[in-house]
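Asker: The hints should help you fit chain B onto chain E, whose structure is shown.
Note that the protein sequences, when read in sequence, are chains E and B. Add 7 to the 1-based position in the first sequence for the working numbering, that's all there is to it. Add 7 to the 1-based position in the second sequence for the working numbering, that's all there is to it.
To be clear, the hints were calculated from the coordinates, so they are not data collected in a lab. This one's a predicted model, so the numbers in the text were calculated from it and none came from an experiment.
A few chain E positions that, by computed beta-carbon distances, are all more than 12 Å from chain B:
#, residue
1, Asn19
2, Glu189
3, Asp375
4, Cys429
Calculated cross-link-like contacts (lysine-lysine; reagent style DSBU-like; alpha-carbon spacing at most 35 Å):
#, chain 1, residue 1, chain 2, residue 2
5, B, Lys317, E, Lys141
6, E, Lys480, E, Lys188
7, B, Lys12, E, Lys267
8, E, Lys188, B, Lys356
For glycine and all other residues, C-beta sits at the position ideal for the given N, C-alpha and C.
Protein chains: 2
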Amino acid sequence: MAYQKLTTRAENYSQWYNELVVKADLAEQSAVRGCMVIKPYGYAIWERIQQGLDARFKEKGVQNAYFPMLIPKSFLSREAEHVEGFAKECAVVTHHRLKNDPEGKGVVVDPDAKLEEELIIRPTSETIIWSTYKGWINSYRDLPILCNQWCNVMRWEMRTRLFLRTAEFLWQEGHTAHATKEEAEDFARQMLDVYADFAENIMAIPVLKGVKSPNERFAGALNTYCIEAMMQDGKALQAGTSHFLGQNFAKSFDVTFLNKENKAEYVWATSWGVSTRLMGALIMTHSDDNGLVLPPHLAPIQVVIVPIFKKQEQLDEILQKVNPLADELKRRGVRVKVDTADNMTPGFKFAEYEMRGVPVRLAIGARDVEAGTIEVARRDTLTKETLPIEGIEEHLVALLEEIQANIYKKALDFRLQNTRKCDSYEEFKEEIKKGGFLLCHWDGTPETEERIKEETKATIRCIPLQREPEQGKCMVTGKPSEGRVVFAIAY
Amino acid sequence: MAYQKLTTRAENYSQWYNELVVKADLAEQSAVRGCMVIKPYGYAIWERIQQGLDARFKEKGVQNAYFPMLIPKSFLSREAEHVEGFAKECAVVTHHRLKNDPEGKGVVVDPDAKLEEELIIRPTSETIIWSTYKGWINSYRDLPILCNQWCNVMRWEMRTRLFLRTAEFLWQEGHTAHATKEEAEDFARQMLDVYADFAENIMAIPVLKGVKSPNERFAGALNTYCIEAMMQDGKALQAGTSHFLGQNFAKSFDVTFLNKENKAEYVWATSWGVSTRLMGALIMTHSDDNGLVLPPHLAPIQVVIVPIFKKQEQLDEILQKVNPLADELKRRGVRVKVDTADNMTPGFKFAEYEMRGVPVRLAIGARDVEAGTIEVARRDTLTKETLPIEGIEEHLVALLEEIQANIYKKALDFRLQNTRKCDSYEEFKEEIKKGGFLLCHWDGTPETEERIKEETKATIRCIPLQREPEQGKCMVTGKPSEGRVVFAIAY
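The following block holds chain E by itself, in its conformation from the complex (with noise of 0.2 Å):
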């Protein structure tokens, strides 16, 4: 078996990724338009980001809860701006039964089994969940409530691609309720440090915190927090928000508390989320030419042990030096593998790992038993060398902090070359086309936003929450502005 290769990233960008998804075993396209498989190997990467954050969310004092994925179709008119925002372009279920074709045709929809009130498979939860709140909350002392769901949602999108938009995707979403607003407001916030904490030091994926506009604002949210990442072609994507809800859903599901006067009040509530979208992140941010770069603090396995070996005898041997260097790697916290199989050449084995992102390979032969060496090949730099086995699971371990160091540093080297100022919309027009984050004056107003887009396909990505105050000119309008904000063109 020959290892195809992928097509280059400057070749074709978007196709390089389309490939590396399916070669490196991530994920499919199903039989269902727009739905997904995720494959084993993909999924053994969420599963590490589903831990890591749920550990995280946990330490926060969050829950882990369960809420209906069917809601009631009048559920989502209550809240005005999140119906326009989620209601339309979603799964609508209308009836309960199937029949027997009386034609003999397999089965039709039994028209007998129309549902009263049609239900729509969550989009997302807000409605759901503050219908159940509502009984929830009595007084301040049941506040605040800080729950979390793990769960599949679905909206009904036009064009897909793999992990950065499905029709379904998985994802968690964090809801909760508090009793003052700067509590709720305050909450938005830490959990956005969370995704921040996590995209950076776990995925390796330099983010940019910030504020939505209002344009970009989830529909319902008084306030949306982001991070912004930058992709390898310069584009821009949204890897997870958080948002402050004001009391829009408390108001919209009726859900008050008694204060500690006794006096009702409505409750503030967050919402925040990511999904299998971080998946497309982690692909577009470090992967190169020959598949995926993982980092090591996320990759399933972080050493790979490959034995070279024609015969059984060889494996023996080979085997008592490898074995006793995984379990003391293991003892250490490593996440290894030993690949044994044996049909499968070397060769094939390396070129598999390398697409799968293995952040480091070690192969030895009967040779290097011989010698006390072992070859230790990198995948973020894809250099090797002959080292002692003899302390080996020392320099592995700095070396997989290293490696983490490594690809952060390129990709925040990256954004950094690939973010400039631009304060003439003429030149704006130019430089937007070249990919990456331009800081720009804005005059704050939807109208000149949405001009931009228009014109150019640029977004405001966010408003950093650490920029330092400007005095400017709207690079459109000459309004005042305060302080620049990131355009790019987004996923």
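Answerer: Using the frame of chain E, we list chain B on its own:
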């Protein structure tokens, strides 16, 4: 706040169950007919079930993956028996868009957005998975495939009860593909053993391992293995199933592989699953009139420590004893909670932890601190004793194991006491009303089984894997039988 008592089991078993599920904060009805909300405490128990099973699956080489929730209607018709068993009562998606009501009343289904082919929310995923496996399998080298998914499924049940029978429920479904009949059948049996081991050793639920009669088989299976548990009201509950599917799905979806002789053969399949129904089994096996009783191996909180104090200084003093104890327990792997909340009385807390089934409750006040003692209360026996705090960790670790063993034994004794032989159908009709498992001779025909079900509501729960061969006569028809099968009224 006075703590409301449960209806007792003797008064009304069914009402006791319904009240317990809500009062122990496990789950509640949602606004969507037949769909439940799993509350944080209930979900924490489910997470423990998930983690325990997931680790066991992975030890068997199973990998997690994710397949679409929507299934094209035509897929369901491919496997003839399967559609009979599953396709009928299910949620049917017919449209993919809503629009604003022209009359201004919220949103309505957009008739222009009708799907060409209706999609079904998965009642189980054999069809979508085998349509996917077709693309994954070419040669014997691709086998076995051992995949599992944790997901939601939907079956439009008419009469629903929290955890036991809900329209939407959570489960895991494993789907494996093998080169030989023997390997597939063996794997189905292995997974049954995994379920039985988990049920007995973690959930403390004694189970009978057996095989289903043809009437009770999974739609599309050649053999359905099951674990059956006995609830406290003498009814049976099927706690898990593992199916040997033969080549049925491979044939329906045309999935073949080239064997070592380069000849095409159909692939052999298994599927196996347990669901949130296990929560129902857990509740009804161990709980009492004071609420939930959790086996320590499963309990999210194994030991709760309640300091008894009036003023902050008292609490501080008590915590000087309690915190090191909690730390030491954690170090030994005990899941411990210290409840320092000052807005509930100790009595209220005691009742609450009793309702929630926390295995061990410790109480400690100022006088205990002086005397160097602590009160230890067992949830299973509702007994209390005051012990020296010195060295209490040892005692608690041993106590948790004792409780685990005790509640298992209690449940096993109950089952043994309520399992009896019955050789006359007249007697059977009376005996079955008392509940329990009846071991009877049966002629092996679906007709006899059907008749018994119609006349008594009892079904064959299983043909035990370990049954003594015993020549006998069918209690209904007098025809020969080679061993007894288990009859019961089932949930």
